[in-house]
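Student: From the two separate chains plus the hints, produce the assembled complex.
Below, each chain spelled out in residue letters.
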Amino acid sequence: MDCKTSTDLMINYIEKNLDQRQQADLLEHVSNCEECGNEFQLFLELNDMFEELELFEPSSNFEEKIMDSIDHSLYLEKPIKRRIVQPVFISITIYISILLGVSFGRESTFMQWLIIPSVVQQLTWISNIAEKLLIKLMFVVFYTKDILQFLFELLLDMSFGSAAIYGLGLALLTALFIIINTTLIRILKNE
Amino acid sequence: MHQTDIEIVREVLKGRSEAFRELVARYKKAVYSLCYRMAHNHEEAEDLSQEVFIKVYQNLDKYDQSYKLSTWILKIATNTTIDYLRKKKLDTIPLEEDIESKQDIASAESIFFHQANKKVIEEMIQGLPEEYRLLIILYHQQGLSYKEIAEACNIPMSKVKNRLHRARNILKDELRTIKEEEGQWTAKQVQI
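Here the protein sequences line up with chains A and B, keeping their order. Under our numbering, the first residue of the first sequence is numbered 1, with each subsequent residue one higher. Under our numbering, the first residue of the second sequence is numbered 1, with each subsequent residue one higher.
Check each hint, because a few of them may be wrong.
Below, a list of computed lysine-lysine pairs in the DSSO-like style, where the Cα atoms sit at most 30 Å apart [to be verified]:
#1 K179/B <-> K55/B
#2 K55/B <-> K4/A
#3 K172/B <-> K4/A
#4 K75/B <-> K65/A
#5 K87/B <-> K16/A
#6 K55/B <-> K87/B
#7 K4/A <-> K179/B
Pair ranges (Cβ atoms, derived) [as the list claims (entries may be wrong)]:
#8 D8/A <-> E130/B: 20 to 28 Å
#9 S69/A <-> E122/B: 23 to 31 Å
#10 H72/A <-> N79/B: 20 to 28 Å
#11 N169/B <-> K16/A: 14 to 22 Å
#12 T183/A <-> R86/B: 26 to 34 Å
#13 E28/A <-> D173/B: 18 to 26 Å
#14 I180/A <-> K161/B: 36 to 44 Å
Because the hints were derived from the structure by calculation, they are not lab data. All residues carry an ideal CB built from backbone N, CA and C; glycine is no exception.
This is chain B alone, in the form it adopts within the complex (with noise of 0.2 Å):
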């Protein structure tokens, strides 16, 4: 019988711990996709997911049932990515050596746009300041509501509306480029 998200809660509270097993299975795709996508390596997303999983765990008894725990877990997991992002004082590329980045790519892929459009979208979102970076997977990725977002990242939705705006259209933009540039080096391989 399919157990409720709450259900499984309760029962671990009551010290039913193997209860937890599920919860993680549940939620270990989404909080380890969210962890690879912020740091960007296998390894410290694995150590990351792990070390949200035990503070929700930890936790538990501190979650208030009238909000979702997909939300709350999320939340948990967007705070420790963050933290761990300032603490490594990670520098996203900057705008301008990414566009040529991304010259470079189309370049090469030019022929096959449509099958490198998984890496392309991925190199895109990766580029991104980690704030924006962050709203773009929580919202397309993970598929949470502006309020969804608001209550994990604990910023007003305005924000939310505002930042994710201005993450698309610097996506947008990029795309944008990297067209322009397939044209040029299609245009240029027509000639030779």
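Chain A with its partners taken away, still in its complex shape (with noise of 0.2 Å):
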């Protein structure tokens, strides 16, 4: 083994690298060449050193530190059930429990049982409303179906749908090279 070649293996002996019949030819040259010898030497004196590293303390209250900063509800996210369906669910009790406590003071026993149907008009006049809401709603989801039926017919006619298909095409090819240059930039910058 020559000098260069056990200088290059001193790493790998350190790391624990070399296979036996390595090791033994880095152990038989070091301790025939002088120089060679010191140098390895050096390498496992500062192997030693390394290793006596100590990991540094911070301060006894590093940990309260860092729990007063951090955010205690970054990740705290209230199901969407809990949001919309308690809070409608919680003012439609509310709303009846009024009727029926406003309505319980004036009347009668007998009167009393006539709310029921009172309630279930007020019911009623809120469910119209939800219902005309909701015809509003498919109105719009129907317009947009109208509008893509529109653009379907327009890509289909001949003249205006080799334009878009064209046009389309030289897009995606002018997006491919953009993505391999800058690939290509990357590659070269980390190499």
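Tutor: Set out below in structure tokens:
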């Protein structure tokens, strides 16, 4: 083994990356070559010093400081159901309770039972409003459907369709070139 | 019951922020040691370490669980300390000056050299250029593999190997100089 090879192997020896044969060759060389022997000794000593590198400890209240600095609500998230359904349910309950409570205070027992149709009437009124909103929403959906249908018929038209296809092809090709260019630049920079 | 890092991360992401304290306890020494060896100042190292853990917490939802958490945390620590040093524009001592100061150290402490090893290696590491210093700390103190260092520092593995190799050669040459100076000093003392 020559001195250059032995120098290259010294680090691998310290990192325990040598097989038995290589180890034996290296140890034989360093025992016979004074210069390489000294070099090897220095590496071993350096490695011992590395192993004595200690970990330092921060201040005793370090963890408290961190816990005081972070936003504890960052990862708290109420599920959608609780956000919407719960308030709506509570509101309806309160509304019905108020209706019943006000009515019970004024009427006789028999008349109190007549409150129920009044409550049903109120609920029917609410459901009518909900139905109207739903119809408006369906209108928006159908309107969107008409627009999409129009665009589709436009694309089927030969001259416009061809121009659109050519334009789309050109855009895709340009995007592909940009991606390849950016990737190559990134690879070259890393090397 | 000992929880794994991944289990703790999942707890935190479910909204149980108190679980993050355990992660801080596990990695505070590693992060602080890295910051201190790069900044070489206890107060600044403490501030940097706090910044690191706050970033870890804020970006926990972006952590890719296919990588080791320790590597990911050290990556954030690495980037934070490098940014800090660049902003502060700390200059490392040029190698020639560093050798002279090492000679002074060797002269004063040569009799107790084996006890002063710790101080010597610390100061030798401080004298390295910051990119070499960082790799020495990550490999020899934090025990990261070449692959993990490459991920933490966002450089190719081949560069990690080359730079570590060069850093060790620099340190080895410095150690040789110190020992030679120690030998000269001891010889002088004997003559006296």
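Student: Now tell me, hint by hint, if it's right for this structure.
Tutor: Verification of the supplied hints:
1. K179/B <-> K55/B: violated, 43 Å
2. K55/B <-> K4/A: With a Cα-Cα distance of about 46 Å, the restraint between K55/B and K4/A is violated, given a limit of 30 Å.
3. K172/B <-> K4/A: holds, 16 Å
4. K75/B <-> K65/A: holds, 22 Å
5. K87/B <-> K16/A: violated, 39 Å
6. K55/B <-> K87/B: holds, 18 Å
7. K4/A <-> K179/B: holds, 23 Å
8. D8/A <-> E130/B: 20 to 28 Å: Because 26 Å falls inside the window, the suggested range holds.
9. S69/A <-> E122/B: 23 to 31 Å: Given about 30 Å between the Cβ atoms, the range holds.
10. H72/A <-> N79/B: 20 to 28 Å: holds, 25 Å
11. N169/B <-> K16/A: 14 to 22 Å: For N169/B and K16/A the Cβ distance comes to about 19 Å; the hint holds.
12. T183/A <-> R86/B: 26 to 34 Å: holds, 27 Å
13. E28/A <-> D173/B: 18 to 26 Å: holds, 25 Å
14. I180/A <-> K161/B: 36 to 44 Å: violated, 30 Å
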